[in-house]
Amino acid sequence: MDQIVLETEGLSKSYKQTQALDNVSIKLNQGKIYGFIGQNGAGKTTFMRIITGLAFPTSGKISLWGSSDERGIQEQRKRIGCIIENPALYPNMTAYQNLEIQRIQRGIPDKRIIERTLERVGLTDTGKKKVKDFSLGMRQRLGIAMALINSPEFLILDEPINGLDPAGIVEVRNMLKALNKEFGMTIFISSHILSELYQTASEFIFIDKGKIIEKLTERELDEKCKRNITLRALDPNKAALVLEEKLGTDNYKIMPDGTIRLYDCLDDMEKVAVVLSEEHIVVTELKMSGDTLEEYFLEKIGGGDVKNS
Amino acid sequence: MLKTLKAELYKLLHSRFIWVVAVAQLAMTGVMIYDVWMREAASGFQYAIHFVSYLVFFAGIIVGMAAGDDFDTRTYQHYLTGGKGRITFAASKLIICDLANLFVTGLPILVYGVIDICNSSLHEFNKPLWEVGLAAFFSIIAVSSVMVFISFAVKSMGKTIIGSILFVIFCLGFTGVGEPGLQLASAKVIPVLQPLVISADTFDYSVPAMIFVDTIWIIAAFCGIFAVFKRAELK
Chain A
0 MDQIVLETEG LSKSYKQTQA LDNVSIKLNQ GKIYGFIGQN GAGKTTFMRI
50 ITGLAFPTSG KISLWGSSDE RGIQEQRKRI GCIIENPALY PNMTAYQNLE
100 IQRIQRGIPD KRIIERTLER VGLTDTGKKK VKDFSLGMRQ RLGIAMALIN
150 SPEFLILDEP INGLDPAGIV EVRNMLKALN KEFGMTIFIS SHILSELYQT
200 ASEFIFIDKG KIIEKLTERE LDEKCKRNIT LRALDPNKAA LVLEEKLGTD
250 NYKIMPDGTI RLYDCLDDME KVAVVLSEEH IVVTELKMSG DTLEEYFLEK
300 IGGGDVKNS
Chain B
0 MLKTLKAELY KLLHSRFIWV VAVAQLAMTG VMIYDVWMRE AASGFQYAIH
50 FVSYLVFFAG IIVGMAAGDD FDTRTYQHYL TGGKGRITFA ASKLIICDLA
100 NLFVTGLPIL VYGVIDICNS SLHEFNKPLW EVGLAAFFSI IAVSSVMVFI
150 SFAVKSMGKT IIGSILFVIF CLGFTGVGEP GLQLASAKVI PVLQPLVISA
200 DTFDYSVPAM IFVDTIWIIA AFCGIFAVFK RAELK
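These protein sequence lines are chains A and B, in that order.
Numbering that gives the first Met the number 0 puts the first residue of the first sequence at 0, with every later residue one more than the last.
Numbering that gives the first Met the number 0 puts the first residue of the second sequence at 0, with every later residue one more than the last.
Since the hints were made in silico from the structure, they are not lab data.
Sample of chain A residues facing chain B (criterion: CB under 10 Å; computed from the structure):
#1 Gly52
#2 Phe55
#3 Ile79
#4 Ile83
#5 Ala87
#6 Ile100
#7 Gln101
Output of the computed footprint for chain B on chain A, the stretches with three or more beta carbons under 8 Å from beta carbons of chain B:
#8 66–77
#9 104–114
Straight-line distance between alpha carbons at most 27 Å, and here's what the computed DSSO-like set of lysine-lysine pairs gives:
#10 Lys210(A) x Lys26(A)
#11 Lys131(A) x Lys5(B)
#12 Lys154(B) x Lys15(A)
#13 Lys225(A) x Lys286(A)
Only a predicted model underlies this, so the values are computations on that prediction, with no experimental measurement involved.
No residue lacks a Cβ here, since even glycine has one placed at the ideal position from N, Cα and C.
Given the sequences, and given the hints that come with them, work out the whole structure.
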């Protein structure tokens with residue numbers, strides 16, 4: 000059974016007249032990537048601030064790796080790396096110096112970790128440039144580096160891809176997936192870019208007005224979104240037979256208009272195309288269909304603006 | 000706490016501001032001492048201690064940049080989210096700021112003391128030199144500690160500097176309040192004014208009593224930091 004990294008029970012946070020978090024109970028298991036989805040003001044950052052010790056709950060319990068007393072939680076936080084809101088950086092220092100301060104205060108003896116971490120986030124050539132002269136994307140990368148330097152077991156990232164260009168976003172996604180795969184790092188990310196979150200996370204937690212409204216695995220989400228591969232072929236029946244024989248699936252529907260909706264092999268549309276082509280099936284349309292994560296989320300909360308204004 | 004102190008020391012030594020402020024204070028002290036030298040034969044060492052009371056606002060700049068700035072940049076996050084306790088963090092800040100201010104404020108005293116020794120013009124205090132030094136040391140630490148409390152209370156570099164300057168001005172106002180006896184009594188217990196008493200060398204004061212009072216100020220400042228920071232909501 001997977002170890003539970005973080006568990007909250009009835010976690011609530013209120014500020015005067017605002018209920019920022021309302022009875023939030025979640026469990027995060029080791030080795031998974033969690034997408035934390037909610038509108039602006041839903042409570043995502045408040046939740047992360049409480050977990051990382053920057054704020055205190057009004058009521059409820061938190062436990063990190065089974066420790067629920069204050070001292071125990073504080074000790075366990077040494078195993079966490081995080082970015083909360085924007086990266087917190089020393090503007091008049093270089094990237095190397097920022098990481099050196101982190102290395103010293105974390106008690107990491109090996110100085111080579113700094114170069115390795117900078118290389119991992121693509122910041123090896125900043126030299127003596129001060130952080131105040133960095134672009135937004137560079138600051139974001141350095142923030143990720145600061146979170147990674149202690150090789151955390153649990154990574155908490157609040158909007159980590161803000162300000163990154165498309166290539167940078169892909170790099171971060173691949174890096175996070177590699178960290179998760181290589182080291183079994185548990186990752187908890189919030190982001191407004193839901194399409195990107197869908198490609199990165201394997202579990203999704205939806206929050207709205209301080210309350211957890213749903214928790215889904217990737218598979219459950221796909222089912223709920225009714226995601227499918229939609230294909231049109233000149234001979235739909237023959238195409239369906241090929242799907243059964245060559246791909247070993249009967250999880251499909253032939254619609255009245257002859258369109259086939261395939262609910263399997265969603266991660267490998269290319270394979271479907273190759274198999275059909277090899278069997279000389281003439282395909283006139285092949286695409287992914289169904290609700291995107293964004294559409295599903297908007298439907299869940301009853302509309303509203305997901306993206307940052 | 001040792002790791003936190005090391006990290007803070009690294010940050011301090013790699014920041015330009017401490018060196019700029021140290022040179023500025025040394026220069027300002029020199030200008031003020033020169034002004035006195037023009038009018039009378041004077042001991043640079045004695046007057047360097049005297050002018051601490053007026054130039055101690057530089058300590059506010061040091062504290063603003065070493066402690067207050069952490070709240071503007073939110074870099075305290077790295078310590079707190081990394082498992083360091085809030086009190087450990089606050090204590091480290093207090094120690095580093097006090098050490099930095101000892102360096103910046105003590106440097107002119109040391110420099111002009113050496114000049115006096117070379118010129119054989121060192122003032123002969125009524126009290127042993129080590130007692131004079133110790134009293135000055137504690138008064139600087141006490142002032143610095145109050146400024147660190149201000150930084151934790153206002154959580155901003157700019158407000159820390161302004162608050163510290165206002166604190167110094169408020170204390171200096173006591174030198175003009177009431178009768179000379181009251182002025183002297185208040186000067187002995189207010190760390191900003193103590194260098195005036197020490198350097199004047201004409202008043203009867205007890206160094207242990209002064210150190211005791213400064214220790215109370217330091218403890219009070221730390222308790223104040225604890226009160227405002229222990230459960231503060233941070234971004």
